[in-house]
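Using the hints provided, position chain B relative to the given structure of chain A.
Which chain is which? The protein sequence lines are A and B, in order. For the first sequence, the residue numbers in numbering that gives the first Met the number 0 are 0 to 333. For the second sequence, the residue numbers in numbering that gives the first Met the number 0 are 0 to 282.
Derived from the structure by calculation, the hints contain no laboratory data. The structure presented is a predicted model; accordingly, all values stated were derived computationally and were not measured. Glycine is no exception: its CB is placed at the ideal position from the N, C-alpha and C atoms. Watch out, some of these pointers could steer you wrong.
Unchecked claim - Interface residues of chain A toward chain B, partial, derived using beta-carbon atoms under 7 Å:
id, residue
1, Y101
2, G102
3, G140
Claimed, not checked - List time: in silico SDA-like cross-link candidates among lysine to any residue, alpha-carbon distance up to 20 Å:
id, chain 1, residue 1, chain 2, residue 2
4, A, K104, B, F189
5, A, K133, B, T224
6, A, K104, A, G60
7, B, K236, B, Y211
8, A, K107, B, Y211
9, B, K275, B, T158
10, A, K104, B, L194
11, A, K122, A, A76
12, B, K236, B, T224
13, A, K133, B, F188
14, A, K104, B, G184
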Amino acid sequence: MASISLRNLVKRYGHGPNANQVIHGVNAEVQHGEFVVIVGPSGCGKSTLLRMVAGLEEISGGEIAIGSRVVNTLEPAERDIAMVFQNYALYPHMSVFDNMAYGLKIAKVPKDEIKTRVDKAAKILELGHLLERKPRELSGGQRQRVAMGRAIVRQPQVFLFDEPLSNLDAKLRAQTRLEIQKLHRELGITSLFVTHDQVEAMTLAQRMIVMNGGHMEQFGTPEEVYHQPASTFVASFIGSPPMNLLQHAPGARPGTLLGIRPEHLDVGSEGWEVVVDTVELLGAERLIYARLGGEPLIVRVEEGALAPRPGDTLHVAPRENRLHWFDADSGKRL
Amino acid sequence: MVERRPLATAISHFVLILGVIIIAFPLYITFVASTHTSQDIVQVPMPLLPGPHLIENYTHAIQGTSGSAASTAPVGHMMLVSLISALVIAVGKIAISLLSAFAIVYFRFPGRTFFFWAIFVTLMLPVEVRIGPTYQVVSDLGMLNTYAGLTVPLIASATATFLFRQFFLSVPDELVEAARVDGAGPMRFFWDVLLPLSRTSIAALFVIQFIYGWNQYLWPLLVTTDESMYPVVMGIKRMISGGDAANDWNIVMATAILAMIPPALVVLLMQRWFVKGLVDAEK
Numbered sequence: 000m001a002s003i004s005l006r007n008l009v010k011r012y013g014h015g016p017n018a019n020q021v022i023h024g025v026n027a028e029v030q031h032g033e034f035v036v037i038v039g040p041s042g043c044g045k046s047t048l049l050r051m052v053a054g055l056e057e058i059s060g061g062e063i064a065i066g067s068r069v070v071n072t073l074e075p076a077e078r079d080i081a082m083v084f085q086n087y088a089l090y091p092h093m094s095v096f097d098n099m100a101y102g103l104k105i106a107k108v109p110k111d112e113i114k115t116r117v118d119k120a121a122k123i124l125e126l127g128h129l130l131e132r133k134p135r136e137l138s139g140g141q142r143q144r145v146a147m148g149r150a151i152v153r154q155p156q157v158f159l160f161d162e163p164l165s166n167l168d169a170k171l172r173a174q175t176r177l178e179i180q181k182l183h184r185e186l187g188i189t190s191l192f193v194t195h196d197q198v199e200a201m202t203l204a205q206r207m208i209v210m211n212g213g214h215m216e217q218f219g220t221p222e223e224v225y226h227q228p229a230s231t232f233v234a235s236f237i238g239s240p241p242m243n244l245l246q247h248a249p250g251a252r253p254g255t256l257l258g259i260r261p262e263h264l265d266v267g268s269e270g271w272e273v274v275v276d277t278v279e280l281l282g283a284e285r286l287i288y289a290r291l292g293g294e295p296l297i298v299r300v301e302e303g304a305l306a307p308r309p310g311d312t313l314h315v316a317p318r319e320n321r322l323h324w325f326d327a328d329s330g331k332r333l
Numbered sequence: 000m001v002e003r004r005p006l007a008t009a010i011s012h013f014v015l016i017l018g019v020i021i022i023a024f025p026l027y028i029t030f031v032a033s034t035h036t037s038q039d040i041v042q043v044p045m046p047l048l049p050g051p052h053l054i055e056n057y058t059h060a061i062q063g064t065s066g067s068a069a070s071t072a073p074v075g076h077m078m079l080v081s082l083i084s085a086l087v088i089a090v091g092k093i094a095i096s097l098l099s100a101f102a103i104v105y106f107r108f109p110g111r112t113f114f115f116w117a118i119f120v121t122l123m124l125p126v127e128v129r130i131g132p133t134y135q136v137v138s139d140l141g142m143l144n145t146y147a148g149l150t151v152p153l154i155a156s157a158t159a160t161f162l163f164r165q166f167f168l169s170v171p172d173e174l175v176e177a178a179r180v181d182g183a184g185p186m187r188f189f190w191d192v193l194l195p196l197s198r199t200s201i202a203a204l205f206v207i208q209f210i211y212g213w214n215q216y217l218w219p220l221l222v223t224t225d226e227s228m229y230p231v232v233m234g235i236k237r238m239i240s241g242g243d244a245a246n247d248w249n250i251v252m253a254t255a256i257l258a259m260i261p262p263a264l265v266v267l268l269m270q271r272w273f274v275k276g277l278v279d280a281e282k
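So that you can see chain A by itself, here it is in the shape it has in the complex (with noise of 0.2 Å):
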């Protein structure tokens, strides 16, 4: 059984006082088969956290165990993982048959048995034609699916995969997304996702990891994070537009903060009155950018609603079963 435990993981640069911190203390135990989302701003410590799993950056602190193996002293081949790089980083001068090839010669494989899973899985990966090739000689797309084939074919315990989608234009991200999912499932292999990007996050994770600052904020499913979040930054970070946060809402209480999503906002003939400062139109919806007192306040509301005008006053009400309530100085939910 192949789950993965980050015990207390602390990652420092330099030493002594001046110590650079980026991963303060975190803990997270991922199931055998589950496939999991780290996700968060730039420099958060996600890739670093992932790079720390795949032995390719020194634990200063805690325990990372794959199965029931503690692995903080192992080299990243003898962890019984596979990686897929942002840059795909296939050797250049390879095929794509010998770069999948390339581990599986290195650990001494009998040659036919190299041949069955290369072709295996190039068959999964739709690359069988192309195995003669040279990196330089295939599409952005393919040459993530050979990645991601290189990976495959190691049998690994565990996949890693930092940020593989985001050197793809925006249509070949949501089809890789999908053949991602498809292999999942088909594979069931331990995955840690590493992305900046919230819509992969929501979309690949059966449980997602969401950091800020070396932390962990929410260690949950897609429709926790969304639902309950456990901190203003994941109401914030996740979720297009962010979550609403005021401070002065009609009914707060000092020293707590409402969160309200826009699509929880009704517009009618009652509630908070609010004044429109912009409207967008994205198609299918309407978002109107108004101010609650002095505050900011976004309302999504269908497209075929009657559109207001910059300067109207309306009435919106909110959904009393959708109302979070955060600490205003921790920003921890009440």
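Chain B only, in chain A's frame:
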């Protein structure tokens, strides 16, 4: 430039043709001279068309059977000495530079920067500057009149180390990490990934270093006293006696032509790779 003006075209052609003549005419004279008898060459005016003694002169030169007053060492053997030295120098330089650049770029060890700068500083100390002490060392080690004496002091190369370092730095880190995940150790990575990627740089350096080794003059002049260890570039000089007797200029010129052939061949044969190595970084 994509400008098309007849005058500019004419001028640029004129300049280029002039340049070619300046370079090529001495070569042509050398060739013409190597096809006449020594008496014919010293006539005024000198013949400007090839004569009938080509095969005879070259045979004399290669076998060293001219009967001149100065050195008559066989050119064939001297060329062999030159070839061996140039090859050892080129291959040795490349091997050592590759390994030292690999160490400096990919390993974190105490004094890494110091060693890099130490290598870099030796750029300021070419053989000519340190020729006295180097000679002392080579002679104390009993390496005079040996291939080791001819080549070893010329092998260490800061230029090549620096070139490979720059190339290695441009290899993406992800490639190193991918190799680590694939289980390739440092030497395996060097051999399977880095070396194939450096092919074109290696070829370019080989050409440069082969010519460098072939053209050595001052150093062999010091460390060889035995005619059987003379490289050809030095041999040409030895064939010219200092004005006491008539020189066999035809044989000297034949030797010069022969000495030019191998470097020219290396450049011609490796031209494609050479240009590629200097121009594009295939990654």
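How the hints compare with the structure:
1. A hinted interface residue such as Y101 (chain A) counts as satisfied when its beta carbon comes closer than 7 Å to some beta carbon of chain B; here the least separation is about 5 Å, so the hint holds.
2. Satisfaction of the interface hint for G102 (chain A) is found here, the shortest Cβ-Cβ separation to chain B being roughly 4 Å, below the 7 Å cut-off.
3. Against a cut-off of 7 Å between C-beta atoms, the interface hint on G140 (chain A) is violated, since the closest Cβ of chain B lies about 18 Å away.
4. About 16 Å separates the Cα atoms of K104 (chain A) and F189 (chain B), which keeps this hinted pair within 20 Å; it holds.
5. Annotation: proposed proximity of K133 (chain A) to T224 (chain B) is violated, straight-line Cα distance about 54 Å (limit 20 Å).
6. Distance hint between K104 (chain A) and G60 (chain A) is unfulfilled; the C-alpha atoms sit about 34 Å from each other, more than 20 Å.
7. Simply put, K236 (chain B) and Y211 (chain B) have alpha-carbon atoms about 18 Å apart, close enough for the 20 Å limit, and the pair holds.
8. A threshold of 20 Å between alpha carbons decides the hint, and for K107 (chain A) with Y211 (chain B) the separation of about 43 Å lies outside it, so the pair is violated.
9. Taken as a hint, the K275 (chain B) and T158 (chain B) pair is honoured in the structure, with Cα atoms around 19 Å apart against an allowance of 20 Å.
10. Note on K104 (chain A) and L194 (chain B): the hinted pairing holds, with a Cα-Cα distance of about 18 Å set against a maximum of 20 Å.
11. Straight-line distance between C-alpha atoms of K122 (chain A) and A76 (chain A) comes to about 25 Å, which puts the hinted pair past the 20 Å bound.
12. Our distance criterion of 20 Å between C-alpha atoms is met by K236 (chain B) and T224 (chain B), whose separation comes to about 14 Å.
13. A C-alpha spacing of about 19 Å is found between K133 (chain A) and F188 (chain B), which places the hinted pair at or below 20 Å, so the restraint holds.
14. Among the hinted pairs, K104 (chain A) with G184 (chain B) is consistent with the structure: their alpha-carbon atoms are about 13 Å apart, no more than 20 Å.
In this structure, the hints that do not hold are numbers 3, 5, 6, 8 and 11, in rising order.
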